[in-house]
Structures are given as structure tokens and as C-alpha cells.
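One-letter residues, chain by chain:
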Amino acid sequence: MRYAETGYNLEIDLSRGSIERVETDPRLTELHLGGLGTNAKILWDRVPPEVEPFSPDNLLIFGVGLLTGTPAPSANRTIISTISPQTLLMAFSVMGGFWAPELKHAGYDRVIIRGKSASLVYLWINNDKVEIRDASHLQGKGAQETAELIRQELNEPRAQVAAIGLAGENRVYFASIEHDKSSASRLGIGAVMGDKKLKAIAVRGTKDINIARPAEFLELCNEVLEYTRWRQENPIKGVPAIIARLGAAQEMDEVDEAWHTANFAWGNARYRRKDFWTEEIAQKWEHTQKKAVRRLIACYNCPVRCGGVVSHPGLSVKRYMMKCFTKLTYTIAAMTNELEFDFRIAGYAQEYGIDGYTAPQVMAFAVELYEAGILTDQDLPGFPSSNEERFFYLLDKIVRREGIGDILANGVYWAARQIGRGAEAYDRNTIKKHEQIPIKLGTLNPIYFLWWSTGEKINITQIEGQMPQAPFATREEREEFVKDWIQVPNERFKEYILNWEPGSFPYYPPIPAVCEMVDWPETMHYIDDCTGVCAGVSSFVMKPPYHIHNFPRIISAATGLDIDEDELWKITRRNRNLLRANNVRRGLRRKDERPPEDHWKKRFPEYEAKLLEAYYEYRGWNKEGIPTKETLNQLGLDYVSEDFERRGIYNHG
Amino acid sequence: MAKTKKKIKVIRIDMDKCSGCRACEAICSAFHASPKYSSNNPARARIRLVRDPFEEIFLPVYAGEYTAAECMGRDKYVVEGKEYGECDFCRASCPSRDAFKEPDSGLPLKCDMCEDDPPQEEPLCVKWCLLDALTYEEREEEVEEEVKLDDLETGLESLVDNYGLQKVIDTVARITQKG
Ligand code: SF4
Ligand code: SF4
Ligand code: SF4
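Those sequence lines, one after another, are chains A and B. Once you know that position 138 of the first sequence is 587 in our numbering, the rest is easy, because the numbers rise by one and skip nothing. Once you know that position 104 of the second sequence is 123 in our numbering, the rest is easy, because the numbers rise by one and skip nothing.
In case anyone wonders, no lab produced these hints; they're calculated from the structure. Incorrect hints may appear among the rest.
Stated by the list, open to error - Short derived list, chain B residues pointing at chain A, Cβ under 7 angstroms: (1) 46; (2) 49; (3) 185.
Bear in mind that the values here come from a model prediction, so they are computed numbers and not experimental data. Every residue, glycine too, gets a C-beta built ideally from N, C-alpha and C.
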């Protein structure tokens, strides 16, 4: 018997209309754990670099985390991987909600989609019964609307549905896959789903998930819950309220947005509004938020609720679900003072299924080009005068790929080059062709520099965490913070924090410490993305209930594998390098690992080069950022180094 | 009939606090696995969350008695403008629906308040609901003695209803011979 996982994948070929249930090799779990790690291995084996994102040979993999669906609290993630139409590199995006546990209860660890259907279809997985069904009547329907219609036509209110909206159908490069209170938004995986003409996957599962060492496992789960309870009652002092407790930033509950509004650049990553947050705004936003957010909700088996049900009179489903920073992205990008605008447009955007990070930035980019005279009334006929209305106008054009929308739908990087006429200069917030969080600060932050430059997720929120984002002002505060910091992998981290004075960037922390501080949170994210534990109770937050010391025991008790801390680090390094390898094989090199020019006011080119090289060395990569043969072979990735040699990747960088 | 003291166990359900996480379903099913916690499956849980975020419905319902025949009609509640589904508030394991039945055998499920030896401090669903949408209270009451059906009897009763007494007796006899 297999424990924690089911041992079966579902292989769907939409070109041939075939459905296969395939038993998997248990050794893959020992090497890659599951979720993201195993997805990366499948992509390496089956999607060579010649395969284009919109080729029928590209795979779209819905992977379930190793612990997902077990009683491990907050283990509910689906990890979706494919090749991104936007970055042309490996994409992975993670969603919470209820879909992944349902799939595991249906008896599968993963759904692997290949091929392309001739007409729009959806997949219905009901335990052993799997069907490809016609979806022509769902064409153009909203993502949640689609989910509701499917549940009704199947007469199965408990089916969990992941669906794309119009943006996915039209292959918008930042189309999302939406499910319940969550979505897999980044890097255009919804466009790949749309390209395959797959509107949705509905799942219902009523089978058992087995645990290898039940008593021990439950004890560990109870410890996680007890710590969670304690942690929610004891928020971290001296940090913004939205990140003081657990959860994927408590922005549905907390109103205070002084931190985001002051530190993030508004518009098309243009400028900061350091004194935006006033008593008057606070009161107004409090009123708006309390009216809009009807209830706080959680994903499957999560004791922390960080999502909100938001009422929305304009939608056919009347309400939608929101979490985290999407509350602000449209407001900040449109440079309005209205929180209400965000709640309104985000509801439509979610039904169309587009990424709430990228979409607003693309719209702000278009608005700025218009103001600069690069886009004209010819490109934007009837363009309204207020930014709020302009955003609605652009949203409509983009998801339909109508007129200028057809170019904007490719994201800022590609659109800037297609528009030309100097538009490239306004592409000021992408790395590796992908829109980043618009943080533009003063002095180079060496830790963020490396996260931004080197992350395979190409999105900093997916690798940062664990530590305060800025040093505490006083030694007393720092001592208070480290005193019960059980999550650190070693005691050195406490020293780094204790000695971290305000204003010490970029030369403190010293480079070796920076490497460790970059590595640890990223490692924790990789563990989350393999096990399916939510980053909101783990890698992303400070002092989480899941950490490097209890993860090995939880994984071992659930699966029966004996994995200790060293082994877990090793597996994570293997997965980290395998993701890197997928991208190196697709052309990723050092020149791509660079934050935009104005990311910080004060840059230190020589020091940055030193940082990057030191980090590459720390990781066992060469000066081009390519994992060396020794590194790969030590991790049992000989087949990767052999492939690199065959392709001459080591010879000409 | 003689009077005895009876412990009344009450789970207080505060729907306003429910986040819809279904931890209660997960842990209930794990607790009732044998050996304990060796598997989990919300479809086997004795609590069930009726959840419809678009209607703002978050309603935990406990499995009650098995019933051989469905009600003559259906009920449908509207509370503060929210329309609940047919029979949503009903606790019965009833032939009209698949709630509160074992997924493979169809045998009825019933909340047993996590009866255990030694007893649990509080029911597992309550313990795992950190938001206190479920809380537990106990009190004593004087009641007339009654004969209580145990799980096996309830199960058998439903088999008898489905297949007839004779068939069940025959089957038991056959299994006994095989053993
Ligand atoms: S912390 Fe938030 S996002 Fe994470 S599992 Fe819980 S409810 Fe979902
Ligand atoms: S555990 Fe509590 S909050 Fe979660 S669904 Fe059950 S009753 Fe609601
Ligand atoms: S009290 Fe125990 S048996 Fe009843 S629903 Fe809760 S966990 Fe299940």
C-alpha cells in the first residue's frame, strides 16, 4: 500500500481523447517528494526545450502535494506546472482551496494533460469514472460561473472545479486557473489550459487516504495545531499587522494598509506615495472593507482563515472570493484612492480569470504609454478620462484580445517590444519577461536582490519569508524576536538578526550570511510546494507551525519513508537544481538574472556581481548560473549533466 | 421505568464563526478509521459541512439517526434571506440522499460524540475547530432508562430494511460456515 499518496497518475491525451490510469514508481517520491518536485521531473523527462508552450506536446500537470488531503493542517495545495507562454521557461503556480484533496480522494496524485482538443471540453473525474465532456455551452463563461454550471449539470454539489475564464480561452499570457477561494495565477498557465481547449476539471472523490504511522502522525498534527493557536494569539510585535499573524497576509481581516501603500510603487511602478495613509483614508477604507467582505473563509483543513467572501452585485454568482494583496493591486496600479474600485474590478477580473498581480500592471503600463503619447486615440478609441474607467476598458480589451488588447494580452515585456516607439523604456518592472511586485526602494537590499534575480518561480513572494523584511530598530526588539525562534535551521540566523542594524544595507549582512538567508526561506517554499502545505502557515510567514525540524518527522510518519533533516535538504536541492536545469536547457543564463535598473535608487554594480557570483558558488553553479556537473552528480542528477554535455551547454555557456 | 442520571453532551454550533474549512470532516473520519487515524476520508465523516460561499452558507450538520423511509415532503429554510437547500438542516441518514452513508457499503453513519475508551477530552471535531465554531458542553439530566441501539444494531437494522430479515440471516449463516 502507498501512504499519503495514492500511487496513481491520470494521463489524459486531449488530441486522442484517451484516458489512462497509470501506476507510478514509488522511487520518484523518495527522490522528489511529489508536487512541484515530481512535476519538474516529468517536465524534464517529457518536455524537451524544443517544445513550445502552445504545442500539443507541452504538458499541463496538476500535481497534488505529498501531504495534501492527509489530516496535516493546511495541506491542500495543487501545484500546476507547464511551460509558460510569457517567460518561455518552466512555470509553476500553486492554488489552495479544495481541489487537490478531492483529487487525492478520487485516487490520483496528479493529472497530466497533453495534446489539444478540437473543441472546448471539460474533464469530469468521479473516482474511477473519468470522462471528457463537451463544454461548448460553457464557452465565454466566467470561471466561478462555469464551476456552478458544472456542479448543477452533474448534480454533484460537492464536486470541486478548477476552471478558466475568457482570458484563458483567449490565451492571455497572464490568464489564471481559478478554483473556489484560490487560483493558480502566475505565468500564464491558464493560457496553456485554454490552448488545450480544456475549460475545467471537475473532481469528486470518496476514497481513503492512508497514513503509515497514524498515532505518531496525529501527535505531530496536534502540535502544529497547538502552535497555530498560540501563534494567532501572540502576533509578532513590531511588524505590520497584515503579517503579524499566520495566513497568506491577513488583508481580508486587517484594514491597516499603511505599509503596502507607502512602500509599493503606484501606477506602472512609477512612484511611491509615502504619506498616502491618513486617518481619513483609514476610516474610508475600513467602511468599504467591512461592507464588502462578508465573511472570512479558509481552504481545506486550515485553521487560519485568510480569504474573504466579497459581495458583488455585478456578477452572475453575486459574490466572489478574494485573498491577500489582490485587495490593493488594482487600486495601486490605477493610482486611485478608492479601495472600492479594487473590490469591484477584481470580481470581474476573477471571472475572466486573469492574474491579479500582472493584469493591473499591464493596464497601468498602457495608461502611461497613452499619457506619453506612445499609444494614441487610434490605438485606444473612446478611451475614458478617469483611470478607473480606463482600467475597465482595458480589462475588456485584454481578455477579448481586441484591438490593442491583443498586444497587451502578452504582458508588459512582449507588448513593449511589439508596440515599439520607445515603449521599452516603460517596461520598468519585469524580470525574465514577467511582472514583479512593484517595490522600488532606496538602497539595494542584498537578500531581495538575490531572491529577485535567481528565483525559478520568477516571483519573489514565492521564495521569501521567515524573517522580518526590515531590521528592528533596537537591540531589545531583536532579542525579543529571536528568543523563541525555534524555526531557524541553525543558531547563526539569530546572530544575523541580532546584529542587523537599520541602515546597514547593502554591506550587512555579510555575503556568506546573505546566501544562507536567501537559501533557507527558499528551501522552505520548495518543501511546501512538494508537500502541498500552504506557505501562509509555513515558508512565507515568520515563526510558522511548520519548519525544517518538524517537516521531516511529519513526512516520515505520513509516508513511512525515513527522511531526516539532511535528507530533506538534499531532496530540496535536487528539486531546486532540476527546476533550474529545465530553465537552463531553455536558455536561462546569468544575463537574465537582473532586477530592473530603478529597483533601488542606489545600486552597486560591482557588489551586485560579487553577490551573484558568491550565491552561484554557494549553490554549486558556475559563473553563468548553470549547475555544475559535480553538483548535479552529487544529487543523483547525472542524467541532467549528461544532457547538458550533449547539448554543449557547458562549452559556450 | 426506572430513572437514571444521563450525561447530556451538547455541541454548540456557531455558524457565524465557521470558515468552511472542513477540518471537522477530515478529523472525524480519521478518528473513526481503524486503527485510529490510519486513514481519512470526509465522505465517511459524521459531520458534514454544507458550504455555498456564493450564498454565504456555511452550515455544519451532524449525522443523526438512520431512517428507513424518507419524509413525506421536503423542507427548505430561508434564514436572513439565504435560501438553504432541501433537507440541509436534517441529520438523518435517509434513502433520499447519500449524506451520512459509508461511500462503498451505503451503511448509515451516525455521530457517536467520539465515544472512546479512555474517553477523549472533547469530541475531535470540536478540538480541531480552532475558530470555535464548534464548542462542547456537558450536563447531567434525570431520564427514564432506555434500551440503546449500538452501531452494529443500527447497521443491521438498515440491512434488514434493504434486503429483508431472511436474506440477512441467510447471509450471516453462510459467512459463518465459510469462516
Ligand atoms: S492560510 Fe489562507 S491560503 Fe493558506 S491554507 Fe489557510 S486559508 Fe488557505
Ligand atoms: S472545523 Fe469549524 S470552522 Fe472548519 S468547517 Fe468545521 S465547523 Fe466550520
Ligand atoms: S463528535 Fe466525533 S463522531 Fe461526532 S461528528 Fe464530531 S468527530 Fe465525528
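Identify whether the interface hint at residue 49 of chain B stands, where standing means a beta carbon of chain A within less than 7 angstroms of its own. holds, 5 angstroms
With a cut-off of 7 angstroms on the beta carbons, see whether residue 185 of chain B makes it to chain A. violated, 31 angstroms
Would the hint on residue 46 of chain B stand, with a C-beta cut-off of 7 angstroms toward chain A? At 6 angstroms from the nearest chain A Cβ, residue 46 of chain B passes the 7 angstroms test, so the hint holds.
The earlier numbered hint that this structure contradicts is number 3, and it is the only one.
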